[in-house]
Structure formats: structure tokens, C-alpha cells
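> Here is how the chains run, residue by residue.
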Amino acid sequence: MTIGLNAYITLSVILFALGFLGVLLRKNTLVIYMCLELMLVASTLALVAFSRFNSLLDGNVFVFFILTVAAAEVAVGLAIIVALFRRRQTVQVDELNALRD
Amino acid sequence: MADLLFYVLGGVTLGTAALTVLSRNAVNSAMFFLLSLLATAGLFVLLDAYLLAALLVLVYAGAVVALFLFIIMLLDMQGGVRPPFTRATIAAAVAATGLLTVAVLGFVKRAQLSVAPVSPDLPVVGASLKAYAAQLFTTYLLPVQVVGFLLLIAMLGVIVLSKRVEGLEDIK
Numbered sequence: 007m008t009i010g011l012n013a014y015i016t017l018s019v020i021l022f023a024l025g026f027l028g029v030l031l032r033k034n035t036l037v038i039y040m041c042l043e044l045m046l047v048a049s050t051l052a053l054v055a056f057s058r059f060n061s062l063l064d065g066n067v068f069v070f071f072i073l074t075v076a077a078a079e080v081a082v083g084l085a086i087i088v089a090l091f092r093r094r095q096t097v098q099v100d101e102l103n104a105l106r107d
Numbered sequence: 538m539a540d541l542l543f544y545v546l547g548g549v550t551l552g553t554a555a556l557t558v559l560s561r562n563a564v565n566s567a568m569f570f571l572l573s574l575l576a577t578a579g580l581f582v583l584l585d586a587y588l589l590a591a592l593l594v595l596v597y598a599g600a601v602v603a604l605f606l607f608i609i610m611l612l613d614m615q616g617g618v619r620p621p622f623t624r625a626t627i628a629a630a631v632a633a634t635g636l637l638t639v640a641v642l643g644f645v646k647r648a649q650l651s652v653a654p655v656s657p658d659l660p661v662v663g664a665s666l667k668a669y670a671a672q673l674f675t676t677y678l679l680p681v682q683v684v685g686f687l688l689l690i691a692m693l694g695v696i697v698l699s700k701r702v703e704g705l706e707d708i709k
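First to last, the sequence lines map onto chains A and B.
Each residue of the first sequence is one higher than the last, beginning at 7 in the working numbering.
Each residue of the second sequence is one higher than the last, beginning at 538 in the working numbering.
Here chain A stands alone, though its shape is the one from the complex:
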């Protein structure tokens, strides 16, 4: 294995940045949510790489918890989006501007 820790961390940083770009760029709430999940996955990749290259298990156990919290978060977030769609008939963030004006 000649691929070092640096390569994995760089990959995870770029993946995180792509998720961040999606959150800033997209207007559809569901796609923004998917990009948030992408950022979570990028951070789990960094944790797994750190724990592999240091021969520790703690990073992997953290990924366990991140997966659990992400599952709970997706369930609650999608329920909120569905409730919002029922009231406003849209999921585009530029039409959900009640707090702006």
C-alpha cells in the first residue's frame, strides 16, 4: 500500500468541498439535503483513514455513531420537508423566504 494518509485526507477534503458547493449552489431542498449527507460521508472517510493509518479503532467507532445520527437526521429532515411541502406546495429555497422579508 503506497497510498499514504495524505491522499485519503485530500480526497475527503475535496469530497467535503463538493458537498459544500452543492449546499451553496442548489435551490432544491432535497438536493441540498443530499449534499449535506455527502459532507458527512466525506468526514467519515477522513475518520476511517486516520484510524487505519494509526492502527486505532476509535475513528471507526465514531463512524458508527455518525451513521446512526445521520440516519436519524435524514428521517427527521425529510419529515420536515414533507410537512413544509404540504403547507407551501414548494421545496425551492428561493420561494421559502418568509424570514427574509
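Treat the hints as calculated values from the structure; they're not laboratory data.
There may be inaccurate statements among the hints.
Unchecked claim - Computed Cβ-Cβ distance ranges for the label pairs, DEER-style:
| hint | chain 1 | residue 1 | chain 2 | residue 2 | range |
| --- | --- | --- | --- | --- | --- |
| 1 | B | T676 | A | E101 | 43 to 51 angstroms |
| 2 | B | L642 | A | N60 | 18 to 26 angstroms |
| 3 | A | I72 | B | P660 | 19 to 27 angstroms |
| 4 | A | E101 | B | L673 | 40 to 48 angstroms |
| 5 | A | R94 | B | Y544 | 38 to 46 angstroms |
| 6 | A | N60 | B | V683 | 37 to 45 angstroms |
| 7 | B | K667 | A | T96 | 45 to 53 angstroms |
Backbone N, C-alpha and C define an ideal beta-carbon position, used for all residues, glycine too.
Please arrange chain B on chain A, whose structure you already have, making use of the hints.
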């Protein structure tokens, strides 16, 4: 061989992540997100975290993406095709992302990670289920309980949120 696999899986992960961000249709976004997750699971296998790779496929690719697709179909967003981005949005988003990437990568480069020895006979601890069980039921016993409660609360929250509320004035 492992190096080639790293480049292939890393390329697929980043490419499909970019397509998730850029595709015009929300369903296509979800499909590319699924591919990106599968490639990430492959990277986990390269890092000898077999259990986490399986969990990522089960929880994320199985449950989360299925839930996303279900909601996209349920809401029926007129095909879900997005309008083109405005120039200001593109400029702001790309600038912010570039700043973030440069900052974190600069931090990583100065953290001298490459100095750490990467020997091929580094002991693998993430491959055995027994090690996970030993950690989860000793050091991390309290977090496991807390996460269990979190799941219960999330379930209750979803039930409350999906109830219809009558007589609520609309916010415009």
C-alpha cells in the same frame, strides 16, 4: 493493485459527487449520490474497515437513498428540473468552496501527515467484529445508550411532524 483501485474508486467518488451537485433532475442526483456512496464503501474496504463498508451500503445506500427517492416521487416536483444558476450564485459558491478547500488543504499540508510512517505491516484493527464489540460495550457504552435514545426521540419527532395540524395560520 490497491493503488490503482484507490485512484479508480476515488475518481468515481468525486465524479459522481460532482454529478450529484450538477445534474438537472433530482432523481438523477439521488442516483449519482448512490453511486458515490458505493464507491466510498469500496474505499472503506481498501482501508480494511469491512464492517463499516457493509454498514454504509446498508444504512446509506439502502435506507437513506431509498427514503430520498421515495420523498422525491411523493412530492412530485413537476419533474424536479432545476432552473439555470444565476451568475452571482455561481461566483459566490465557487469562491466560498475554493476558499474552504485551500484553507483545509493548507492546514493538512502543514500538519506533516506524510511524515508518519506508512509501513505495509501496520496492524489492522478495524477488520474484526470482536474489536468493535469490545470498544462499543466498554469505552463507548454511554454514547451507545445516548444514540439509542436519540433514535427513539427521532422516531417520536417524525410521528409528531407527520401529523396534520389544523387551524394553523399560513406564513407568507
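> Against each hint, give a clear statement of whether it holds in the structure.
Structure-based check of all given hints:
Distance hint for B:T676 and A:E101: a CB-CB separation of about 48 angstroms, consistent with the stated range 43 to 51 angstroms. About 21 angstroms separates the C-beta atoms of B:L642 and A:N60, a value consistent with the hinted range of 18 to 26 angstroms. In this structure, A:I72 and B:P660 meet the distance hint of 19 to 27 angstroms, their C-beta atoms being roughly 24 angstroms apart. A C-beta distance of roughly 44 angstroms is found between A:E101 and B:L673, which places it inside the suggested range of 40 to 48 angstroms.
Range check, A:R94 to B:Y544: about 45 angstroms between beta-carbon atoms, so the 38 to 46 angstroms window is met. Under the hint 37 to 45 angstroms, the C-beta atoms of A:N60 and B:V683, about 25 angstroms apart, miss the expected range. Between B:K667 and A:T96 the CB atoms are about 51 angstroms apart, so this pair conforms to the stated range of 45 to 53 angstroms.
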